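Novice: What follows is each chain in one-letter form.
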Amino acid sequence: MKKYKQPIYRNPLIGIYKVLSVILMITVSCESFVEVDLPQDQITGEAVFEESGTVQASLQHIYAELRDNAFTSGKSLGVSYLMGHYADELHLVNPNLNNILYYEENNVLPTDDFVLGFWSKGYNLIYATNSIIEGLTVDSGIPEVERNNYLGEAYFLRAYLHFYLVNLFGPVPYITSTDYTENQAVSRQSEVLVYEHIVEDLIMAKDLFSATEINDDNFRPDHWTAVALLARVYLYQENWESANKQAIDLISQGGFELRTTLDQVFLKDSGETIWQLGPGLEGRNTHEGFSFIVNSPPPNCVLSENLLDSFETGDRRRSQWVGTVIDGETQWHFPYKYKQVSGTETTQECSILFRLSEQYLIAAESFAQLGNTTASLDYLNPIRDRAGLSFLSPMPKEELLDAISQERRVELFTEQAHRFFDLKRTNMANTILSRIKLNWDPTDILLPVPDSELSINPNLNPQNEGY
Amino acid sequence: MKKLSFYVNRKTLFLLFHLLLAPLLTSSMVAGLSIQSKVTGKVTDSDGLPIAGVNIVVESKNVGSISDMDGSFSIQAGPNDVLVFSMVGFKHLSVPIFGRDEIIVQMQEDVTALGEVVLNAGYYTVSEKERTGSIVKVKSMDLEKQPISNPIAGLQGRATGVQIQQTSGLPGANFNIQIRGQNSIRSVGNDPLYIIDGVPFSSVSLGEQQASIALPGTGISPLNNLDPNTIESIEILKDADATAIYGSRGANGVVLITTKKGKGGPTQISFNVFTGLGSVTNTLDMLNTAEYLELRNEAYANDGVDPIPDNAYDVNGTWNPNRYTNWQKELFGKTAFMTNLQGSISGGDQHTQFLVSGNYHGQTDVLPGDYTSSKVSGLANISHRTLDDRFSVQLSTNYSSAVNNLPNANSMVTQGIVLPPNAPELYQEDGSLNWENSTWDNPLRHLKDSYNSRTTTFIGNMRLAYTLMPELQFMANLGYTENHIKEIRLVPSTRIDPAFGIGSENSYAVHNTGERNSWIIEPQLVWNHGFGKLSLQSLVGLSFQEQSSEQLSLQAFGFSSNSLIESKAAANDLSVFGDINQKYRYQAIFGRLNFNYQGKYIVNLTGRRDGSSRFGPNKRFSNFGAAGLAWVFSEEPFMQKTFPFLSFAKIKGSYGTSGNDQIGDYQYLDTYSFSNLQYQNSLGLYPTRLFNPDFSWELNKKMEVSLELGLFKDRIRFIGNYYRSRSSNQLVGIPLPATTGFGSIIGNLEATVENTGIELELATVNIQNKNFRWSSSFNLTIPKNKLVSFPDLEGSTYANQLVIGEPLNSIKLYQLNGVDPETGLYEFEDFNGDGEITSVDDKQVIKHMNPEFFGGLNNSLSLGKFNLDVLFQFSKQMGFNYWRNGSIPGSNRNLPQRLLQRWQTEGDMAPVQRMTVGRSLDPLIGYFNHQQSDAVVSDASYLRLKTLSISYTLMDKIKGGIGCEIYARGQNLWTWTDYFGLDPETQSTQTVPSLRILSLGTIIKF
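Protein sequence lines correspond, in order, to chains A and B.
Okay, so the first sequence: first residue is 1 according to full-length UniProt numbering, each after it adds one.
Okay, so the second sequence: first residue is 1 according to full-length UniProt numbering, each after it adds one.
What the hints contain is simulated information worked out from the structure, not anything from laboratory work.
All values derive from a computational prediction rather than experimental measurement.
Every residue gets a Cβ at the ideal spot worked out from N, C-alpha and C, and that includes glycine.
Incorrect hints may have been included.
What the hints assert, rightly or not - Listing some non-contacts, in silico: residues in chain A with all C-beta distances to chain B over 10 Å:
(1) Val36
(2) Ile62
(3) Pro110
(4) Thr373
(5) Arg425
What the hints assert, rightly or not - Only some residues are given here: those of chain A computed to face chain B with a beta carbon under 8 Å:
(6) Glu35
(7) Pro39
(8) Tyr63
(9) Asp68
(10) Asn183
(11) Gly280
Stated by the list, open to error - To give a feel for the contact side, a few chain A residues facing chain B, derived at Cβ under 7 Å:
(12) Gln42
(13) Val48
(14) Glu51
(15) Ser52
(16) Phe114
(17) Ile175
(18) Thr176
(19) Val186
(20) Gln189
(21) Leu281
(22) Ser455
(23) Ile456
Based on the provided sequences and hints, a complete structural model is requested.
Specialist: If you want it as structure tokens, here you go:
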């Protein structure tokens, strides 16, 4: 009997059911099958933040972008060149450079490519800094001191990038996350608020940087770079006391030293450089050199008559930092702070973003604002002295401030738009530029937000006035 | 008691059940075990000629046999059994044995063999009669009649809904193929899914464009390695019913390639040898020297340049003004030779069959120099069934190796068209290149810029099937493919006039190596069951696939000697421009349910759940499915009564979804990549893209209705399809505000592309009698493509390229208003009225570049031992003409004859503007705007005698033991077109046009 209990053919549906359940089990347990490893030429965000080398590489990318493609670049797409034309430092000679002419004539359109470049490259690099900040905050296996230094660099860079955005565009969104769903609908924040965020980030950076480990080559921002920017930012905020404290701290404790001769100031190993951008490959020099130096006339652009006239007689900067090329009857003058047009055996010059002279002038200005004329002159006169100019004696506050402003003009010319930003923060832009520039309008104080940005994210409205 | 009765009852029930089953069991067991005797016989056709290879099975038993060469057979069967004879091309025949020992049967030819045509639908097969999906089959017979080396070429003009365009007449050139239109907005991502013997085959090139610059397109296609002679059939799956079972990969259609398999019967050895000649289908009518010089002098006069400059060697007398060379003939007018050798052995019995075949194809090209491309391939397969027929295994391997050697062909063709007709001799008397005192760039310098590729492909596949129970079968499909490519392009300094003193330190070579391998495992269960008049076929299966590819391309620059140029180690500088390493994994569960009620009402349900590593974590798995319905209304009694001439009639329809996963690997990940910017001698790392967890497939919804009719015993067959497919969830760069850090995110956008179309097929047997048969088939496709919606098109990167409501393949151009009789300059319509002709606003003319309709007409005649096949292929379309890349009329480049009709003096009404050497701005601007105007698009319709094949059977194998057939075949023999350019198919003046090929061959069978 027993052997009949096993029917020869089982119900096929039972078989199917069993097989199906096996299949289902396999499928469920194999969901991880469709997860794949990454290719060799790409790294996940997580992996980047597990090792020092890759974190460094992601920071180095930002520095390279600052050197080559962002605001601070010495190329004709950077603020030194464009805002030099926009203000009263540079004069465009080549009439075919239409895109530069818009800056020269203060006719920048909301569709301008450089404007879009400032804006989008700026925020692209801010994304990169946020990505580093978010990546390093998790327990990443990098020793704390090192990690803090990287975090310091990232916070510093985030502040530095927003600093240019707020100065060029006025109210801008301060971006602190990588989440695009959030960032695609942001609104603009008031300039005051943006500055507050900048200060917060810089204080954070300053504390994160270990004060003891200082980069000798100055190719990466460190504790003192954060201090330097903080001094500048406080100055822009007219927070004289804080600006003064930061500048004095840096001058007294930073270990930097003013070079005695002018031709050494912009060399790679200059002792007064706080932060400079390293070359891509050894032997390369600055983009500024290539953009400004004129070997054979006619040049694309020259220094404006206005700036040349503002040098006092005997100012050695007029002869040493200004180059001359002669074309028959015509003399052309160009910025000659950097002397190298092309590559050399070893790198001689790097684009300097922060140098000690500016801190002296910040100290002088803040002391003047606080009413301490003597102290102010103590910081102003060394700069004049080096340029072969006489010491100034005490004078009324307003005159002193004018003297400092004049000194900033001839000391910091064609360096990262110092002139335009100075005019702007001291509310002098209108008065001075409307005299020289035919098409100047009071609303030209800000660049327009790119049109395409406003149409994709209407929350960025309204457009800056006058555009 | 109760318990007992229960047991009794159960026992009774069981006994009853067993009793019911007993007859079934006994009959099969008895027949299978005991009363068996040998039945012999012979099979002949209606003329009494023996037929070999007929399948003979004992009905409802797993016993089978195959008829021999003389038609005889023997089989073990019981006296009450029924023998079923079947053979493709003949009607099924069932013959009860009635106790006989010898059976002579005569099989009737099936006129169109409609019911016999079995279509491969990938995971299952279906008869032509009962299919619910849209499947087109191209048989080996049709492919073999064409002297081609790429099987895709053989599909042209033969399949509805399949648009194929050859990109160049060079050996190894790619074909563009689109099944039912362009679904994806991206120009990449419209390839169908290729499956060879059940193994997915990636058609994505491993080539590097920098290397294969001689060939148009994005590198050499892996499909080139397939050999048309090893293909049994190509089935193209088009609608939802057929493609949904391929889930996220079926949206662009599926091309199933089945290789030849061994057939049982006596061992057969066959050889097929052909040699062919090829030349370009067309050249342009260019100016002769006198006309050319006249135009040149006129151009100088028009531009006010006097005297003629020293460097205008063609007109200033430096070059002989009486010399004439037809440069097109010189530079791409050679005759190409091709040789094809093929041999195969096949045989076996009803349990084991095998096939081994090998093929060599060698081909030169129409360019000067000695460049040969060749392809060697081998196919071997074996299949076996166990004696009880429960288990079968089929193993198939396919290997091919192709070598392509080409000079910089594009430049040669361009030079052939533009060189002044009085340009100097190519060679000096001593045989070296003539540079004519550095007054010209000898076009043969492009011979030095050479390209060499070696590609190999291996496809291995095994199919296992085991019958678990009479109606339940387990199957497994295992496959492995491997592709290798090694390319090198040599650009030696000898390509430059030696007078410039440029040495080997400026020579360079581009190297590329690539490798891709993939495996697939697909276990499946098939259960077929009859419920009375309703029969059910069902299938469920799993799929696991992995594909990994690697590619390394680099440039080696600067050598101490040109003889070292191929060595990477000898280069002064090596730079890597591609180091790609990708992995793709895929898994799926799929199924099919097919209900067939008496062959009259058929419902086919298919579905697939897909998981792919290409999709973001939130969208890793997706479901696809389709339903197909068919009503064979000719089976209805009332139809048979009312329309007796209607032998077959079917209405079918399907609706369903499939996807497109040609979206690249890793695209959803927020990875970091190495930047090209350095900082202090080291490379930076930058965030590549935003993380998009919702990154997924493009969705395609397909709908189709069709009508199939057979009239007069299927002597006239008609198929009409109407389809509509809508692709949405399009992968495009969605613009983002820069505050996100990026300008866009590659994501799925709710943009919709619609393809609709009508496909018509008509096949007729016009005459059929004992000695003469004439059949025709005609197919026509009328496709329409439309961008239905695209949110925020204006803000996207596609703003200047796409227009809602227009086809994707459209172009916006200026409108040419002719030549101003006053100034002799081209005039364009100033649409925005701002007085200037400027892009984008004035480019308002939209031209559609897709064909309006295309198709083919095939006629086959057989008269006794003669066979004739004629295929015409046609396409009604607009295309880019000569003007798209035409030279400045009047510059030192030769021009087509029709440019003689140029403006000369004030008041001239001429189609061509005044000649200019390029020194005056206005005519120069006119020229550039003209290249961007509607003048560059014109009618590119053509009708082409695609294939002509004549064959004659010298000896019939069956009678003499040795068979012999000779044939002559031609490809692209004649083209009728109004097209202004080289070739309406390639639509380019920068590559070799399609070739006209004539071949002669012999087939010998033992």
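Novice: Restraint: Ser52 of chain A near chain B, CB-CB cut 7 Å. Satisfied or not?
Specialist: Check failed: Cβ of Ser52 of chain A comes no nearer than 12 Å to chain B, outside 7 Å.
Novice: Does Tyr63 of chain A meet its interface restraint, that is, does its C-beta lie within less than 8 Å of any C-beta in chain B?
Specialist: holds, 5 Å
Novice: Taking C-beta pairs only, is Thr373 of chain A more than 10 Å away from all of chain B?
Specialist: Per Cβ check, Thr373 of chain A is outside 10 Å of chain B; nearest 44 Å; holds.
Novice: Can the hint on Glu35 of chain A be confirmed by a CB-to-CB distance to chain B that is less than 8 Å?
Specialist: holds, 7 Å
Novice: Using the nearest Cβ pair, does Val186 of chain A come within less than 7 Å of chain B?
Specialist: Interface hint status for Val186 of chain A: holds (5 Å vs cutoff 7 Å).
Novice: Should the hint that Phe114 of chain A touches chain B count as held when the rule is a Cβ pair under 7 Å?
Specialist: violated, 14 Å
Novice: Quick check on the hint: Gly280 of chain A CB to chain B CB, less than 8 Å?
Specialist: holds, 4 Å
Novice: Grab the minimum C-beta distance from Gln189 of chain A to chain B and call the hint holds if it beats 7 Å, violated otherwise.
Specialist: violated, 12 Å
Novice: Would you check whether Glu51 of chain A satisfies its interface hint, that is, whether its CB is within less than 7 Å of any CB in chain B?
Specialist: Violated - the Cβ of Glu51 of chain A stays beyond 7 Å from chain B, reaching only about 11 Å at its closest.
Novice: Does Ile62 of chain A sit more than 10 Å from chain B, CB to CB?
Specialist: violated, 8 Å
Novice: The hint names Asn183 of chain A as touching chain B; please verify it with the least Cβ-Cβ distance against 8 Å.
Specialist: holds, 4 Å
Novice: Holds or violated: the hint that Pro39 of chain A contacts chain B, with Cβ atoms closer than 8 Å.
Specialist: It holds, given that the least Cβ distance between Pro39 of chain A and chain B is near 4 Å, below 8 Å.
Hint violations for this structure: numbers 1, 2, 14, 15, 16, 18 and 20, all remaining hints satisfied.
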